[in-house]
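A.B. asks: Sequence:
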Amino acid sequence: MSAAWIVAIGTPFALFVWFSLGYSLKWDIERPETAFKIVSFNIALWGAISFVLIWKHFGLSAFSLKNPLIELVEGILTAIAIGVLAVFFRFWKTKTSRKVPLPEDSARTAIHYGIDSVLEEVIWRAFVLRAFGMGIKGLLISSIFFGLHHIGLSLKNFVFATLSGVILGMAYILTGGSFWAVALGHVVYNLVISRWMRLKDGE
218 MSAAWIVAIG
228 TPFALFVWFS
238 LGYSLKWDIE
248 RPETAFKIVS
258 FNIALWGAIS
268 FVLIWKHFGL
278 SAFSLKNPLI
288 ELVEGILTAI
298 AIGVLAVFFR
308 FWKTKTSRKV
318 PLPEDSARTA
328 IHYGIDSVLE
338 EVIWRAFVLR
348 AFGMGIKGLL
358 ISSIFFGLHH
368 IGLSLKNFVF
378 ATLSGVILGM
388 AYILTGGSFW
398 AVALGHVVYN
408 LVISRWMRLK
418 DGE
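With our numbering applied, the sequence shown covers 218 to 420.
There may be inaccurate statements among the hints.
Just the calculated beta-carbon pair ranges, DEER-fashion [to be verified]:
| # | residue 1 | residue 2 | range |
| --- | --- | --- | --- |
| 1 | Val269 | Leu408 | 14 to 22 angstroms |
| 2 | Val409 | Ala265 | 37 to 45 angstroms |
| 3 | Leu391 | Trp272 | 26 to 34 angstroms |
| 4 | Ile287 | Tyr406 | 23 to 31 angstroms |
| 5 | Ala398 | Gly350 | 42 to 50 angstroms |
| 6 | Ser371 | Gly350 | 28 to 36 angstroms |
| 7 | Ala388 | Ile287 | 32 to 40 angstroms |
| 8 | Leu401 | Lys373 | 35 to 43 angstroms |
| 9 | Leu391 | Asn284 | 45 to 53 angstroms |
| 10 | Met414 | Ile332 | 33 to 41 angstroms |
| 11 | Phe377 | Leu401 | 15 to 23 angstroms |
| 12 | Met351 | Ile328 | 27 to 35 angstroms |
| 13 | Val409 | Ser371 | 14 to 22 angstroms |
| 14 | Phe396 | Leu357 | 32 to 40 angstroms |
Hint data in this document are derived by calculation from the structure and do not stem from the laboratory.
Every residue, glycine too, gets a C-beta built ideally from N, C-alpha and C.
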């Protein structure tokens, strides 16, 4: 695999993980226990997905230890760096949220679903589905991962999201891998569902 390929795929993957986990922090104050469970589950899920994708493309040799001591130190330093970044992000989020005016809720929702939907299609269809083949195998694996990502704390969410992943995956396959067609459909679907839920709640 070339470095350009890794950067091209790794960048949206990293952005999606950061965006997904960062957006989950909206529950921090109102529902801290729920937020902790959801974020913890997502961290474990992304770790599993990363392992599967690396194994798929590079084999188990990618996980071999060539120099255990050096790699142990690198792992510790990486963990420290992630911890520092997490603390900084949490502090920055708390500090700036009091100073920077947020856009109107409807606009904020549109921005969130727009970015999130496109990044999801990069990961689940353009990368995961293709990685496992443009057939039943790739369709099922990408759809199950898609369902797990949206599970929240409800099995019903998992089933519904998995079926939605199957539909989006089939659309991707039947259109010959037309990324933007599926991404646009994903964005529109999320916005319609969001609007319907708001109307249902009487907002």
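A.B. asks: All hints are to be evaluated individually against the structure, with a verdict given for each.
C.D. replies: Taking the hints in turn, this is what the structure says about them:
1. Take Val269 and Leu408: their Cβ atoms lie about 31 angstroms apart, and the range 14 to 22 angstroms is violated.
2. For the pair Val409 and Ala265, the supplied restraint of 37 to 45 angstroms is violated, since their beta-carbon distance comes to about 31 angstroms.
3. Leu391 and Trp272 have their C-beta atoms about 29 angstroms apart, which keeps the hinted 26 to 34 angstroms range intact.
4. For the pair Ile287 and Tyr406, the beta carbons lie near 47 angstroms from each other, so the given range of 23 to 31 angstroms is not met.
5. The beta-carbon spacing between Ala398 and Gly350, approximately 20 angstroms, falls outside the hinted interval of 42 to 50 angstroms.
6. Taking the beta carbon of each, Ser371 and Gly350 are about 30 angstroms apart, inside 28 to 36 angstroms as hinted.
7. The supplied range of 32 to 40 angstroms is broken by Ala388 and Ile287, whose beta-carbon atoms lie about 46 angstroms from each other.
8. Checked against the given bound of 35 to 43 angstroms, the beta carbons of Leu401 and Lys373, roughly 27 angstroms apart, lie outside it.
9. Between Leu391 and Asn284, the C-beta spacing of about 48 angstroms keeps the proposed range 45 to 53 angstroms intact.
10. Roughly 19 angstroms separates the CB atoms of Met414 and Ile332, a value that falls outside the hinted 33 to 41 angstroms.
11. Between Phe377 and Leu401 the beta carbon distance is about 21 angstroms. The supplied range of 15 to 23 angstroms therefore holds.
12. A hinted range of 27 to 35 angstroms for the beta carbons of Met351 and Ile328 is consistent with their spacing of about 31 angstroms.
13. Restraint check, Val409 to Ser371: a C-beta distance of roughly 21 angstroms satisfies the suggested window 14 to 22 angstroms.
14. Our hint of 32 to 40 angstroms for Phe396 and Leu357 is violated, since their Cβ atoms are close to 20 angstroms apart.
Consistency note: the structure conflicts with the earlier hints numbered 1, 2, 4, 5, 7, 8, 10, 14.
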